[in-house]
Amino acid sequence: MSRILDYTLKENVLRFIAIVMIATLFYFLGEFLDRLPNTKETKKWLRIAKKFAFLMMFIPLGVGIVMKEVNGTDMSDLYSLFAFFSTPLFIYLNFTIKNRLKEFE
Numbered sequence: 001m002s003r004i005l006d007y008t009l010k011e012n013v014l015r016f017i018a019i020v021m022i023a024t025l026f027y028f029l030g031e032f033l034d035r036l037p038n039t040k041e042t043k044k045w046l047r048i049a050k051k052f053a054f055l056m057m058f059i060p061l062g063v064g065i066v067m068k069e070v071n072g073t074d075m076s077d078l079y080s081l082f083a084f085f086s087t088p089l090f091i092y093l094n095f096t097i098k099n100r101l102k103e104f105e
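Heads up, the sequence shown stops at 105 in the UniProt record's numbering, and the numbers go up one at a time, no gaps.
Misleading hints may appear alongside valid ones.
Label-pair restraints from in silico Cβ distances [said to hold, decoys possible]:
1. K40 - N12: 20 to 30 Å
2. E11 - W45: 32 to 42 Å
3. T8 - K43: 40 to 50 Å
4. K10 - T39: 41 to 51 Å
Calculated cross-link-like contacts (lysine-lysine; reagent style DSSO-like; alpha-carbon spacing at most 30 Å) [unchecked claim]:
5. K102 - K50
6. K98 - K43
7. K10 - K44
8. K40 - K50
9. K51 - K98
10. K43 - K10
11. K51 - K40
12. K102 - K51
13. K10 - K98
14. K10 - K50
15. K43 - K102
These are computed hints drawn from the structure, not numbers from a lab. Every residue gets a Cβ at the ideal spot worked out from N, C-alpha and C, and that includes glycine.
I would like the entire structure built from these sequences, with the hints used as guidance.
Structure, rendered in structure tokens:
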């Protein structure tokens, strides 16, 4: 059984608010990247950001899985929720950057 049921309503609401805030941050970061001017400097930083976003697609998920295996923690713990939720957001960010870099070609 999931341990998320062991938490109080207040704790679960705070977790939900944190997840919504993280998703909103990624959305506005994607919008910011779409509005950058087309310069060589922008292209250089977008390539660096793309590499970072690609790595970050796997790191939180990997750490969450390792925490489960080593500590035996349930995947409903806060970090595991963040790991499984943030991975699709980094995939979104990676594709946003990739589409933005296509505009330079």
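Against the structure, the hints:
1. K40 - N12: 20 to 30 Å: violated, 47 Å
2. E11 - W45: 32 to 42 Å: The hinted range 32 to 42 Å holds for E11 and W45, with Cβ atoms some 38 Å apart.
3. T8 - K43: 40 to 50 Å: Given about 48 Å between the Cβ atoms, the range holds.
4. K10 - T39: 41 to 51 Å: Given range 41 to 51 Å: holds, Cβ gap about 47 Å.
5. K102 - K50: Holds. K102 to K50 sits at ~12 Å (cutoff 30 Å).
6. K98 - K43: holds, 11 Å
7. K10 - K44: Violated. K10 to K44 sits at ~44 Å, over the 30 Å cutoff.
8. K40 - K50: Cα-Cα ~15 Å, so holds.
9. K51 - K98: holds, 10 Å
10. K43 - K10: Status violated; Cα separation ~44 Å.
11. K51 - K40: Answer holds: K51 to K40 is near 17 Å, not above 30 Å.
12. K102 - K51: Cα-Cα ~15 Å, so holds.
13. K10 - K98: violated, 39 Å
14. K10 - K50: violated, 36 Å
15. K43 - K102: holds, 10 Å
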